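Number of protein chains: 2
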Amino acid sequence: MKELAKKTKEAAIALGATSIEERNHALLCVAEALEKNKAAIFAANRVDLESAESLSAPLKKRLCFDEDKLTDIIKGLHALAKLPDPIGKIDLATELAEGLELYRVSCPIGLIGVIFESRPDAMVQISSLCLKSGNAVLLKGGSEALNTNRSLFVTMQNGLREAGIRPEVMGLLETREDVAQMLKMDEYIDLIIPRGSNEFVRYIMEHSHIPVLGHADGLCHVYVDAAADLSMAVRICVDSKAQNVAVCNAAETVLVHEKIAPAFLPELKAAMDLKGVELVGCPRTREIIACGKAADTDWETEYLDYKLSIRVADGLEDAIVHINSFGSGHTDSIVTADMDTARRFMTLVDSAGVYHNCSTRFADGFRYGFGAEVGVATGKLHARGPMGLEGLCTYKYKLFGSGQTVQDTVDGFVKYTHKPL
Amino acid sequence: MKELAKKTKEAAIALGATSIEERNHALLCVAEALEKNKAAIFAANRVDLESAESLSAPLKKRLCFDEDKLTDIIKGLHALAKLPDPIGKIDLATELAEGLELYRVSCPIGLIGVIFESRPDAMVQISSLCLKSGNAVLLKGGSEALNTNRSLFVTMQNGLREAGIRPEVMGLLETREDVAQMLKMDEYIDLIIPRGSNEFVRYIMEHSHIPVLGHADGLCHVYVDAAADLSMAVRICVDSKAQNVAVCNAAETVLVHEKIAPAFLPELKAAMDLKGVELVGCPRTREIIACGKAADTDWETEYLDYKLSIRVADGLEDAIVHINSFGSGHTDSIVTADMDTARRFMTLVDSAGVYHNCSTRFADGFRYGFGAEVGVATGKLHARGPMGLEGLCTYKYKLFGSGQTVQDTVDGFVKYTHKPL
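Same order as they appear, the protein sequences are chains A and B. Residue numbers for the first sequence, in this note's numbering: 668 to 1088. Residue numbers for the second sequence, in this note's numbering: 668 to 1088.
So that you can see chain A by itself, here it is in the shape it has in the complex:
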């Protein structure tokens, strides 16, 4: 395992020096290799599916890798090859002194460890994003998909070889023991991205000193202000909760200003009933509509299901305190016609996404126009919110001189100019 991490890290350095043409060509070669080897991949997937008899239907659907998924993946690789190079972007250029020029230039992070669940297509998606951004990657997929993952992995490595890229830029882990070891390898691994259940992500965060980007909870709120358009508020609440309940950007709690609650809550209940959403509410909510009683734990529960908690708030400040106390810093939306109220909400709510008059479900890399997504980060450092290729890059300072020393500046031979270039 240590040997694998070391080799992959060495390959990472070399990959960081490749041109965008080489990396894009490699993406297309990977696409071609997948197409060519599809019979073997589908066969491997059938073995996995056969051993997965006991799994639920949705899980089996996630595990399945067929012609349709392959077509999507190949389309994705072609689209990715067309995106601009995230590496080598200059975002700061300063002349420090005559002939002494400072540039801040984006570059790959290095070696990234990714742990993901049963979907085998995630392996191709994640490793191609890493390839595009010049990062090497260690991958650990779900054990149910072991055969499919192996087949995809070998095929992708063949595509890289074809393109003249060292196949060691990808490494495959297969056991939990491997993962436990990976979490300790801060010498080689620069970043870990876990994708999976809350408990799983929290476990990773607590057991590694390597930086982790991602999210455990996605506890999103919609706050319906006194100045909200009622029908807009209902539509936004319904979409935020019920458009897809199983995702991190779905809302779990609706907060409603006390002034508008008597008019709004019956309408909300009617709409949620139609979608089959179970409601639990605070005492003031239950004075207005019939619904279950919300326990204290409801405010901190990510249902990921057809269930919604509702609380009547005294006003904006109360709603903000609630969100900052119980939210997960993912995405929170306000519905109001009052722009000042909206701005105050968006400044004071301490989340990666703060929305005005739209659904929390927009928090997504594709919808943000990033082309692709490696995950959504709810921490505050480095990347925040949906992470595209940019989230896989860092920067370095390049300083070009002509013999300058700091003593020269002390002696006055070199004078700081600090001019933007």
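Since the hints were made in silico from the structure, they are not lab data. Since the model is a prediction, treat every value here as computed from it, not as a measurement. Be aware that one or more of the hints could be misleading.
Since the list gives no way to pick out one identical chain from another, each pair is judged satisfied if it fits inside one copy or across any two copies.
[What the hints assert, rightly or not] In the BS3-like style, the derived pairs of lysine-lysine whose C-alpha atoms are separated by at most 25 Å in a straight line are:
hint: 1; residue 1: K1086; residue 2: K749
hint: 2; residue 1: K1086; residue 2: K742
hint: 3; residue 1: K1086; residue 2: K756
hint: 4; residue 1: K1082; residue 2: K749
hint: 5; residue 1: K926; residue 2: K742
hint: 6; residue 1: K960; residue 2: K673
hint: 7; residue 1: K669; residue 2: K960
hint: 8; residue 1: K936; residue 2: K728
Dock chain B against chain A, hints included.
Below, chain B alone, put in the same frame as chain A:
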């Protein structure tokens, strides 16, 4: 302690909503308060100095807080008030669909824990950077400076009160027990910045799940290429090593291309002898010049002293592998007249600063033109290298809509445009 962290975090949210005029005014009020209360501060400092009889002269000098230091600090506060607002900068603006606009806007990180050493002026410097960037701060200074720190802290809080800013945006910790507790408060504290010895910083990094920005080691290199101008190379090596040996951006190892070593090393030795720098070298170095024998541990030792290790390298790739293996990712410089070689070095060396033909000592926030510095980060996430006000900011995504739902996009009523604004 938990109560203090909670109160400070609440104050942080409010501080994040203040205008730049309010924050700049507060900086000037703090400057005025310090000037007015200087007699009491100097008296407190005399108490600390009297109990510090046993300390070495340089440490006592760091501990001393006198008229000169106060003048510097007040000048610094006025300069800081003139810098542009780091908050509210928009670095991405996209129309996602008609009437649905996404902005990525810089904002404060929140509550920052800073642990620093004996210099009491560091307290004013750090907390004023936090104030300017809208962050609340918990401060723990060296115990030798306890009385001075208390006096400065109370004075600064008075300045804040004068300016109408809640004084709770600053909190003071006084015991090691407080620090141990702080490291566990990931619920409230967003970031820890430790400034101190390698062992101390490493301890912090290993004992907290809160993100830590800073550096333990500063193990910088100068690589003298075959195509180097000899006298330039000597000057850069001398400055990098000896201009100030006690700092993180001083060089600890010089690598020299085997072709130029016979001509270069005698000149380097002559210059280093003049500065009183002790040399230790690899076997090939010792065939050319008389010097001590470098042990394996020398390549990973940050001397912070008049001592330098020297190794003859087979060439560029060998030098890069050495730096990436033994360096600390801080700052490394190449001396060469060959621009292709320089570019390759700067791409492949995996450090926050990669320099061409200049001294490693330029790695510093003031020299980079950032106006001020909170520290130098050698990690790769969030801030890298010298951190100015920008390093104390994160961003949030603000999405302004007019009732859009994701279901609308599925149904085709809302179409993605993804146009830059």
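Exercise. Against which earlier hints does the structure fall short, listed by number upward?
Worked result: Per hint list: 5, 6, 7 and 8 violated.
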